[in-house]
Structure formats: C-alpha cells, structure tokens
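Trainee: Below are the chains, spelled out letter by letter.
2 protein chains.
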Amino acid sequence: MDSSTAAAMVRADGYELHALAIAYGQRQGHELACATKLADALGAASFRIVTVDLGALGGSALTDEIDVPKDRDHASIGAGIPVTYVPARNTVFLAVALAAAEACGAEALVIGVNALDYSGYPDCRPEFIEAFERVAALGTKAGVEGTPIRVLTPLIAMSKAEIAAKGHELGVPFEHTLSCYDPIEQGGAWLPCGRCDACALRAKGFAEAGLMDPALGGQA
Amino acid sequence: MDSSTAAAMVRADGYELHALAIAYGQRQGHELACATKLADALGAASFRIVTVDLGALGGSALTDEIDVPKDRDHASIGAGIPVTYVPARNTVFLAVALAAAEACGAEALVIGVNALDYSGYPDCRPEFIEAFERVAALGTKAGVEGTPIRVLTPLIAMSKAEIAAKGHELGVPFEHTLSCYDPIEQGGAWLPCGRCDACALRAKGFAEAGLMDPALGGQA
Chain Z
52 MDSSTAAAMV RADGYELHAL AIAYGQRQGH ELACATKLAD ALGAASFRIV TVDLGALGGS
112 ALTDEIDVPK DRDHASIGAG IPVTYVPARN TVFLAVALAA AEACGAEALV IGVNALDYSG
172 YPDCRPEFIE AFERVAALGT KAGVEGTPIR VLTPLIAMSK AEIAAKGHEL GVPFEHTLSC
232 YDPIEQGGAW LPCGRCDACA LRAKGFAEAG LMDPALGGQA
Chain C
52 MDSSTAAAMV RADGYELHAL AIAYGQRQGH ELACATKLAD ALGAASFRIV TVDLGALGGS
112 ALTDEIDVPK DRDHASIGAG IPVTYVPARN TVFLAVALAA AEACGAEALV IGVNALDYSG
172 YPDCRPEFIE AFERVAALGT KAGVEGTPIR VLTPLIAMSK AEIAAKGHEL GVPFEHTLSC
232 YDPIEQGGAW LPCGRCDACA LRAKGFAEAG LMDPALGGQA
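Note that the protein sequences, when read in sequence, are chains Z and C.
Just so you know, the first sequence maps onto residues 52 to 271 in our numbering.
Just so you know, the second sequence maps onto residues 52 to 271 in our numbering.
One or more of the hints may lead you astray.
It does not matter which identical chain is meant; a pair holds if it fits inside one copy or across any two.
[Unchecked claim] Simulated pairs of lysine to any residue, SDA-like, Cα-Cα distance not exceeding 20 Å:
| no. | residue 1 | residue 2 |
| --- | --- | --- |
| 1 | 88 | 239 |
| 2 | 217 | 242 |
| 3 | 217 | 240 |
| 4 | 192 | 181 |
Hints are computed from structural coordinates only; laboratory data are not their basis.
The following block holds chain Z by itself, in its conformation from the complex (with noise of 0.2 Å):
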C-alpha cells in the first residue's frame, strides 16, 4: 500500500518509474507476486527482483518462526520497536535500490517510509533517511563526479488515511497490495490476518478516509 502510493505519486510528479522488489526471506513470497502486478499497473519502465537473503541471518518475526504480535491497540503500535522489525531492512533496500539508480542512471529512490501512522521501526525517520542520502552523496561515484542520488519520501508526514485518500485519487490497484505480516491462504487467495499491527493500521486509515479496503475480499 505505502510503495505502490509512494511510486505512483512520483509517477504523476513526471519520474519514469524502475521498479524494484526485494527477494529477502520473507515469509510471505505473495509480496513479490504483488510486486509484479504493481509495476506493471503503475507503468513502471523496468521490473527488477534482487535476492538477499536476510532470513538466513534471522532475527525477525518476519523471517523467522517468531509469532507475530496480533489484536494490539493502537496505543501500543509505534509505542516500541515491535518483533516484527527485520534487522537493518531499509538499509538492506535502500542500499541495493541506490546499486540499481546508479547502475541505471536514475536521479533517485523512492521508498514508502512513514513517520506517522507507523510501526515504530527506526529505519522509517526522516533523520534516517537524511543520513542515508549522505551515504549516497559520499559512497558513490554518481554523488562525487556528478549529482548525488536524492532518496524521496512522499509519504513521510502523512497519515494512513491521507496514504488511502491519495492512491485511490491516482488508481492504484490496492487490491494488489499486501500489508499484513502474517497473510493466511485459503483456496488459493490470501487474506489479510486482520489482527497484525500492519491491518489494524491499514483499517484505520480506509475507515478514516471512508474508503473500502478492496483487498480485504481476497487476493488470487
């Protein structure tokens, strides 16, 4: 929900779109199916899936055998780093995404990261990701010979119902979205658990912008 809004706002700022999804042991492989449909529904130039198998490493509920926390209030999401924080994730995705721009020649990165109605992992903050387009400006010849590859974050200040309000304004297929952590197949299709902090967060923000969340009939 966040990356597809992410990208489809930079899309409609006028940016020619490289998709790129991240194979990293996550047990929930219907992510990188989604992915697929995604770049093709935003119109993405090119479609990349690159391997890093950060399951190996463990240490995330995500990744691991480690339950994944369900039926929190929305006081306690955010409250804490939750277990379902995958060790350096978006260091890991941004550091391969800026690989990718600089082999390409893209201007910039893109992520769905959002301070606001979020999780409470650190690699989400904006002085995170300050930090990391200095790595950017230093750590490549792109940021030392010509322009540094900037890192936007259009969805940084805003809330999970402004998220729900502007994909549907752009036409994003949410039905190909995924945001549960722990997604349960039936028949097929996988349905959103409901009870993880990642739904309890999604329904908030479809009920506050008085939108019906097409994912939840189900996804092939």
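The hints should help you fit chain C onto chain Z, whose structure is shown.
Mentor: Then chain C, alone, in the frame of chain Z:
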C-alpha cells in the same frame, strides 16, 4: 589481502570474529572459495555467504563484460574512479553486514578499506565510513535502544607495504588471498594477471615491505 589483514588485526585486539562473504556476482567466484579458507585460518566463530546479485544490475568491469584496465602506472591509479568501480558496492556490503551484526548481537563491523594505496573508489574514504556509522546508529534497533554498531577500519590510513608487513606478522595466509580483478585459471589453479591496478598495488606493497607474495605461485 585487505579484508583478511583487517580481520586478523581486530582478532588480535580480542574480538571474536564472525566472517561474512558477499556473493555479488563478481566474475572471480574463486574469491568465495578463498574466503572460506581464510575464515577457517583466522579462527572465525562463524562464516556465512550471503548472495546479493549486483551483477544483474550491471555497470562494472568486475561483474560485466567490460575490460579491466591493465598496465597503468602508479600515478594513474587512484587519480579518478576506475571502470572496476561496482555501483554502491561497499554500501551494500556494509548494509548486509549491519543486518548480520544486529541479528547476531555483534558490537562492530570490520571492513578492509584503505584510503592511501587504493584504487580511487569513493566508498573507501573515511567520510563515507562516518556517514555509514550514522546510518547504523539511526536505522537499527541496536542503535536506538542500545549501543550503536561501530564500523572498524584498521587499514584506513596504512600503506600497502604496512598492510603486507602487518598481515605477515599476524600470520595471515596470504596464499589464500586474491586481489586481482581479472585472474587467470590455469590447470585448476588461479593466477593473478599481474597487470591490473589491484595486482600493481599489491606487488608494490610486498616489494616495499621486503616480502615475497605467497600467492604468486598460483592457488589451488
């Protein structure tokens, strides 16, 4: 040569070593076989190979079919960013190492970058390392809730001659190290080309240290 000497130096300082090799699509897959032997020789407590297919992104003589420059004089080496630069390579290496370090509770990363007798890569400079340390401090649970993971660069201000002498003193098995950008396979052994920038810097280092390079006999 640099990675293994850096590892031996921090081990001599009392650190327990957890070795990490990145399979990034480099043409010299032989590097990974060397890494396995070196981790064992250096008494590493663990050794992992993580695949990140930067080769699929293109843009470098180390992963693509671009020719590696040969027979350049020492004044030319390091005077600009060469075609052997791999886009954002050390950013990706450090990001994956940061994830590994956080997952296993390590205090620090160690990387054998060197800004003196080096090839002119932007991601070997101290200002890049400092920027990455800030990313590690702001973008991880370890940095926010505990002690930030440091990046140790014991070779950063050493000459190649000093590195050769230090590695020799610490018993680093240089016969299992491969610096060459374009090694030649000969009867199952790998021989350095002797003509690329990395071979030139290495030869100068061993010569100035008054040492023989044990890798010149070829590697099984």
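Trainee: Where does the structure disagree with the numbered hints, that is, which hint numbers, in rising order?
Mentor: 2, 3
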